[in-house]
Amino acid sequence: MKRSNLMAILTDVHLWVPVAVLILGITLLMTLR
Amino acid sequence: MSATVTSMPGRSTLSLHNLGVFCGLAAAVWLGTAEAPTKLVNAGFSPFVISLGMVMGAFVARWTVPMLLKGTGFVVSDLRDKPHLIVWAVLAGMLWAVANTLTIFAVRNVGLAIAFPLWNTNSLVGLFWGWLLFKELRGSGIKGWAKVLGGAFAIVGGAAVLALATAQQSSNTPGKAAIGIMAALGAGVLLGTMYIPYRKAYISGMNPLSFVTIFTFGELATVVILGAVFYGGVGHLTAELERARPMLFWPFLGGFCWVIGDLFQNFAAKYIGIGRGIPLSNTNQLWGLAWGALVFAELSGLNSTGKALVITGSLVMIAGAISISTASPVGTELTNWNHAMDRECDRYGLDADRVAAVVRGDDPLAGQPHQRRWWEVVVTCAAVGVFVWLAVGTESQHIFVNMPWLVILSLATLVPLGVCGTLLWRRTRFS
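Here the protein sequences line up with chains A and B, keeping their order.
With numbering that gives the first Met the number 0 applied, the first sequence covers 0 to 32.
With numbering that gives the first Met the number 0 applied, the second sequence covers 0 to 430.
Bear in mind the hints are in silico, worked out from the structure with no lab data behind them.
One should not assume that every hint holds.
[Claimed, not checked] Short, incomplete list of chain B residues facing chain A, as computed with Cβ under 7 Å: (1) THR192; (2) LYS199; (3) ARG346.
[Stated by the list, open to error] Pair ranges (Cβ atoms, derived): (4) A:MET0 to B:PRO403: 51 to 59 Å; (5) A:ARG2 to B:ASP350: 16 to 24 Å; (6) A:LEU5 to B:THR334: 25 to 33 Å; (7) B:ARG353 to A:ARG2: 36 to 44 Å; (8) B:ASP352 to A:LEU5: 23 to 31 Å; (9) B:ALA220 to A:SER3: 27 to 35 Å; (10) A:SER3 to B:THR311: 37 to 45 Å; (11) A:MET0 to B:ARG372: 20 to 28 Å; (12) A:ARG2 to B:ASP341: 32 to 40 Å; (13) B:SER409 to A:SER3: 49 to 57 Å.
Cβ atoms here follow ideal geometry from the backbone N, Cα and C, with glycine treated the same way.
Please model the complete structure; the sequences and the hints are all you need to start from.
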């Protein structure tokens with residue numbers, strides 16, 4: 000993968016919104032366990 | 000991008016909006032049918048093991064169905080063209096796996112009847128992300144907003160009414176209600192967020208069949224890790240699966256049905272967006288109810304109030320689906336959809352003309368014959384072999400089943416598969 004594409008991925012809000020929700024979901028799961 | 004563009008020569012002239020609506024409704028039928036194996040919870044099996052069985056069945060199906068329809072050459076070529084989307088496909092699979100585990104907690108603590116409408120709010124979450132990140136519904140006017148938002152709320156409301164009716168049947172709801180409600184709402188947020196990767200992939204010109212092939216890796220890996228954590232190691236998890244061996248065929252079959260429904264849902268997300276496609280496919284509760292009531296006689300002891308609630312909830316849900324079905328995107332909204340597509344092309348260096356053709360269902364590569372590989376036969380035989388092996392070792396479970404209704408609903412499930420599959424082929428060649 001090109002470096003420019005990698006930077007585009009890492010600075011894409013479309014990536015960080017789902018990642019943040021995933022982290023919150025895993026945290027919730029571990030709390031409810 | 001347009002919902003009413005003319006199709007390629009030799010293709011059907013069906014509008015993309017109508018195609019997406021058909022896909023959303025077909026998804027509802029198959030996703031509802033996939034719920035039937037969850038009845039095995041009543042036969043004393045762990046919900047987590049049933050869920051894991053479904054994911055394993057889905058893993059097998061997600062490899063074989065796209066390969067049979069398009070061939071590995073097409074899928075690999077599609078992924079090579081847009082390698083950045085592999086990240087989002089894996090991420091979507093992980094979101095689904097965590098959400099699904101949360102639903103197990105929710106069902107255990109507050110029962111399916113209460114949990115289901117709570118996580119059904121995922122369509123509203125998806126609608127919000129579609130509006131915020133992909134410019135869906137922007138410029139659709141008050142009438143368009145009213146139809147889509149009103150329809151989505153009607154579907155969630157109908158789900159709540161149906162839940163109220165079926166809750167009368169489950170009197171022994173376990174405690175820890177707050178935990179169950181939090182888990183169900185959390186699942187709704189995760190599932191609604193999962194549609195961000197879906198929409199991103201399709202406005203970038205990825206084929207849904209390629210997307211689900213990668214999605215399943217994130218899904219299976221996360222479910223296995225979570226299973227190992229919850230059961231205290233892979234050894235315990237394997238032992239639990241071995242104990243469930245006599246019934247494992249059914250969740251595998253449920254996973255297969257789920258993949259068919261999910262594929263239709265993905266095509267709906269592609270052609271009418273997540274704001275419209277996801278609420279439509281969330282009417283799967285109607286089909287789950289049909290299986291429960293007709294095949295498993297779950298509502299046999301329902302009083303007249305309960306019956307009235309079932310009828311009301313179903314009608315409200317159907318009204319919501321009709322409202323969304325008639326909300327075809329026009330004018331400014333379609334221009335905004337194009338802006339969202341252009342963003343992806345600019346950001347990731349995609350060929351804008353090619354992506355635009357794929358997005359309107361005219362992938363130039365879709366109609367071309369792809370060379371079949373020898374390993375496709377091996378993978379297909381292995382997949383069929385797994386199902387046959389599981390079926391041979393299956394023991395009958397002590398669950399009431401109404402056989403005539405089982406046959407009728409099974410046949411009825413095949414109708415949307417045939418109709419919608421044919422429409423997709425004629426209009427887009429599964430692109």
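Results for each hint:
Checking B:THR192 against chain A: minimum C-beta separation of about 4 Å stays under 7 Å; hint holds. For B:LYS199, the interface hint holds, the least distance from its beta-carbon to any beta-carbon of chain A being 5 Å, beneath 7 Å. Annotation: B:ARG346 was flagged as interfacial toward chain A, and the flag holds, the nearest CB pair being 5 Å apart, inside 7 Å. About 55 Å separates the C-beta atoms of A:MET0 and B:PRO403, a value consistent with the hinted range of 51 to 59 Å.
Range check, A:ARG2 to B:ASP350: Cβ separation about 20 Å, and the 16 to 24 Å hint holds. For the pair A:LEU5 and B:THR334, the beta carbons lie near 31 Å from each other, so the given range of 25 to 33 Å is met. Separation of B:ARG353 from A:ARG2 is about 23 Å and departs from the stated range, judged on CB atoms against 36 to 44 Å. Between B:ASP352 and A:LEU5, the C-beta spacing of about 25 Å keeps the proposed range 23 to 31 Å intact.
A hinted range of 27 to 35 Å holds for the C-beta pair B:ALA220 and A:SER3, which are about 28 Å apart. Between A:SER3 and B:THR311 the Cβ separation comes to about 55 Å, which falls outside the hinted range of 37 to 45 Å. Remark: the range hint 20 to 28 Å for A:MET0 to B:ARG372 is upheld by a beta-carbon distance near 25 Å. The hint said 32 to 40 Å for the Cβ distance between A:ARG2 and B:ASP341, and at roughly 23 Å that hint is violated.
Here the CB-CB span from B:SER409 to A:SER3 is close to 51 Å, well matched to the stated 49 to 57 Å.
When held up to the earlier numbered hints, the structure conflicts with 7, 10 and 12 and fits the remainder.
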